[in-house]
Structures are given as C-alpha cells and as structure tokens.
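> Sequence:
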Amino acid sequence: MIDDLDLGFDDTERGEKGRHRRGAVRRRQGKSGGGRGKTLLALALALVLLGGIGGGAFYGFDRIQNYFVTPDYEGSGTGEVTVEIKQGALLADMADALVAADVVKSTKAFIEAAEENSRSKNIQPGTYKLRKQMSGDAAVAAMLDLKNKIVNGITIPEGRTAKNIYKLLSEKTDIPVKDFEAAAKDPAALGVPDWWFVRTDGKKVKPSIEGFLFPDTYEIPPKATAETVLKLMVDNFLTVTGEMQYAEKAKSDRRIAPYEALIVASLAQAEAGNKDDLGKVARVAYNRVYGEFPCNCLEMDVTVNYYLELTGQRTKASKDMTPAELDNPKNPYNRKLRGLVPTPINNPGKQALEGALDPPPGKWLFFVAIDKEGHSAFAETYEEQKRNEQKAKEAGII
805 MIDDLDLGFD DTERGEKGRH RRGAVRRRQG KSGGGRGKTL LALALALVLL GGIGGGAFYG
865 FDRIQNYFVT PDYEGSGTGE VTVEIKQGAL LADMADALVA ADVVKSTKAF IEAAEENSRS
925 KNIQPGTYKL RKQMSGDAAV AAMLDLKNKI VNGITIPEGR TAKNIYKLLS EKTDIPVKDF
985 EAAAKDPAAL GVPDWWFVRT DGKKVKPSIE GFLFPDTYEI PPKATAETVL KLMVDNFLTV
1045 TGEMQYAEKA KSDRRIAPYE ALIVASLAQA EAGNKDDLGK VARVAYNRVY GEFPCNCLEM
1105 DVTVNYYLEL TGQRTKASKD MTPAELDNPK NPYNRKLRGL VPTPINNPGK QALEGALDPP
1165 PGKWLFFVAI DKEGHSAFAE TYEEQKRNEQ KAKEAGII
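Residue numbering for the sequence shown follows this note's numbering, starting at 805 and increasing by one per position.
Read the hints as simulated data drawn from the structure, not as lab findings. A portion of the hints provided could be inaccurate.
Have a look at the derived ranges for each label pair, beta carbon to beta carbon [stated by the list, open to error]:
#1 Gly1166 to Pro980: 43 to 51 Å
#2 Asn926 to Thr1126: 34 to 42 Å
#3 Thr1043 to Ile958: 14 to 22 Å
Pairs of lysine-lysine residues, derived as PhoX-like cross-links and limited to a Cα-Cα distance of at most 25 Å, are as follows [claimed, not checked]:
#4 Lys971 to Lys982
#5 Lys1079 to Lys936
#6 Lys1197 to Lys1079
#7 Lys1176 to Lys1197
#8 Lys989 to Lys971
#9 Lys982 to Lys967
#10 Lys967 to Lys1035
#11 Lys1010 to Lys953
#12 Lys1084 to Lys1140
#13 Lys1010 to Lys967
#14 Lys933 to Lys976
#15 Lys1134 to Lys1008
#16 Lys1140 to Lys1008
#17 Lys936 to Lys925
#18 Lys1008 to Lys989
#19 Lys1140 to Lys1120
#20 Lys1154 to Lys1079
#21 Lys925 to Lys1084
#22 Lys1084 to Lys1167
#23 Lys1084 to Lys890
#24 Lys1190 to Lys1176
#25 Lys1176 to Lys1084
#26 Lys1120 to Lys1079
#27 Lys1084 to Lys1154
#28 Lys1167 to Lys1140
#29 Lys890 to Lys933
#30 Lys890 to Lys909
#31 Lys967 to Lys1167
#32 Lys933 to Lys953
#33 Lys1154 to Lys971
#34 Lys909 to Lys989
#35 Lys1134 to Lys1010
#36 Lys967 to Lys1008
#37 Lys909 to Lys971
#38 Lys951 to Lys936
#39 Lys1154 to Lys1134
#40 Lys1035 to Lys976
Everything numeric in this text was worked out from a predicted model, so none of it was measured. The C-beta atom is built at its ideal place from N, Cα and C for all residues, glycine as well.
Please model the entire structure based on the sequences and the hints provided.
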C-alpha cells in the first residue's frame, strides 16, 4: 500500500535538489500547501491505514516515517563545531559536509531549509563556526550570519616576488618561510601544468613558481599548510588566465609561448609606475627583445633588482647600482643578455597580464617616469628619450 501513496518527493526530485547550486531557490508552483504540508497529510493517512490493520503494523514505524517526514533536529543545537564549505560547493555538497559534522540530521533537512530561504544564495565558501544538532532552518540562518564565518584573510599585492610573498604569508599564518620555500620547489605538485614551462625562443626552462602566485585577497583555512596555501594561489591563477584564454591568445595573437607572455607581464608590472602604462611597457619589452633594438636585450634595471633579492642582497634604485651590478656576467637576469630573462620576476596582476596579451601598437623603445603619479613618457628614439628625461628632472622625478 505504501507504493500507492504520494510520498511528497521522489528520486527525480532528490536529483534536482542535488544539482542546486549555492542559494538556488526552487519555486514550488501549483502546490498550495508546500512540501511539508503534503508530507503531514500523507503521514496522517498512513496512520489511519496502519491503525486499521492492528497494533502489530507499527513494527518498524520509525523507519517507515522517514518516507513521510524529513529527518531533522529541533532548535539551535549545542556545543561548537567548525565546518568548511569548499569553493564551488553545490547545495548538496554543503548539506553533506553539515551531516558529516552532525550539524544537521539529514541532507534533506538542510536542502529544504535553504530552498525556502531566498537569502541562502548568499552563503559563501569558507569556514563556519556552528553547533551540533541544529535544525535545518537554524543551520541556514547561522551560515547567513557573518559573525559565524571564520575570517583569516590576507591580501597579496600585485608585483610581489615569491620570496616576498612567503614572508607575508608566514607573518599571517605562522607557517615558517622555509615551508613555503620547500613547497614551491615543485610547481607541478602545486598544480602548474607542465605545458606552461615551454618557450619558443629556444631557451631552456627550469620550472619556477614565480609568476603563478596570483595576487588577490585569500581566506586561509584553519590548519592550512604551506602546500594548501600556495595551491589556492595557483588555482586562482589558472582560473583567471583560463577565463582570459591567456594561453590561446598568447600563441595566436602574440605568436609566443604563454610563459614568455607571463614574463613580459611581470616586467610591465615591475616597471610601470601607473596602471595606465602597463600595456605600453609591455610593448617596449616586445620591441626591445623581438624588434629592432640593437642588442635585442631588455636593459631593464628591475631584472637586476630581482637577482639581488633572489640572492639575499639589498635591492637598489637604478641610480645607486654599480656598473658591476648592472652588467654582472654571473647574473642570469643580466639586463644586457639577449632575449627574455629565464623566469617571471614577480607575480603580476590581471591588468598586467592583459597588457602583455594585448599591448597598444607603437614603436617605443624607451620610457621614463615624468610625474609623481608614476605616468611615463614613451619614445621611439634615444634623442626623444633624453628630452623626456630632462622633463622628468625638471619635475623632480629623477
């Protein structure tokens, strides 16, 4: 007889709920009483039918009633437990995590409560401080209350080197710098695909994490390790560049390897004093290396500073660099070496990546900052560059 009853939900409905994304609300059109009213009516009918059969029919009723009533705790729960909601989690994924931590009694209890709360779409990934044995409604309400979200955020600015990023992360997480350095030795283990470390200019690539630690604000999960933190940053880089179709456009539009375009983005990030000039600086780098610049070299002092930082030396302003530092034959990032440097020299942001991917047209070979806002003047000839340098001196910039 149970087979003939309308149980208020079926396998198809459960499948639809499992596919709901975070906060999705299904409008139950044409159901005057809602899902819960229907299950109560079905339960009452079942009681009448079972009562007519006799007392022995109540054997196993606890199991049978789960077909009619959503298993759910009552109230706001007790104690304390932390639950992590992962990036991209579906509503069903959240429910599974809550059931596993005994926050809610069933996935259905949470899913139904979330579907009936239009604000549930605001539930974000992260770690929450909740209670055990909460009702589905209470769990949803608690996850919408920001005071229950454990925030351990850190912002990584554009253009920081990996070495500098390790220090920032260590200060925030108390994870030793040496742990980040150890984890970074294997970029592939952190999620960087092998094809990124390919060049079209004939230079060999020694895989480095530099360039792949995307600058952004990150929420560091409790009990994080150096590996998990760096993986977050690499995953973000891959997501952003994937959405930009960075690899495809570097090959089709720039006719170079994506890794070479990434190196140029890092150069632009380091050299441009203003975001407006990121694309123009990238164009200068391309013109010097692939164009008609006599040495086909970068001649950018930022590559010298990168080597100084990499080797534990103090970085310097260009005017303070010695001839030996500017042209050190042992420096693989020597500003006078032909072609691009071996690796990116920092971790560029999205605007620098865009500038390297689609720089404005121009035959510029030189540039110099000319105002305190960091804007540069660009020149095609050295004579024009000298005039721009004079303007910079008059403005007190150099």
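> Does Lys1140 pair with Lys1008 here, judged by a C-alpha cut-off of 25 Å?
18 Å, holds
> Given the hinted pair Lys971 and Lys982, is their alpha-carbon gap at most 25 Å?
10 Å, holds
> Regarding the pair Lys909 and Lys989, is the alpha-carbon distance no greater than 25 Å?
Status violated; Cα separation ~44 Å.
> What's the verdict on Lys1084 and Lys1167, does the C-alpha distance respect the 25 Å limit or exceed it?
10 Å, holds
> Please work out if Lys936 and Lys925 have their alpha carbons no farther apart than 25 Å.
23 Å, holds
> Is the straight-line distance between the alpha-carbon of Lys890 and that of Lys933 25 Å or less?
Holds, because 15 Å separates the two Cα atoms, which is no more than 25 Å.
> Compare the distance between the alpha carbons of Lys909 and Lys971 with 25 Å, and conclude whether the hinted pair is satisfied.
43 Å, violated
> Need the status of pair Lys1154, Lys1079: alpha-carbon distance at most 25 Å?
Holds, at about 11 Å.
> Within a Cα-Cα threshold of 25 Å, do Lys1084 and Lys1154 meet the stated pairing?
15 Å, holds
> Has the given pair, Lys1010 with Lys967, been kept, meaning a C-alpha gap of at most 25 Å?
17 Å, holds
> Is it true that the C-beta distance of Gly1166 to Pro980 lies inside 43 to 51 Å, as the hint says?
46 Å, holds
> For Lys1167 and Lys1140, compute the direct alpha-carbon distance and say whether it is at most 25 Å.
With a Cα-Cα distance of about 20 Å, the restraint between Lys1167 and Lys1140 holds, given a limit of 25 Å.
The structure does not agree with the numbered hints 2, 5, 11, 21, 23, 31, 34, 37 and 39 stated previously, though it agrees with the rest.
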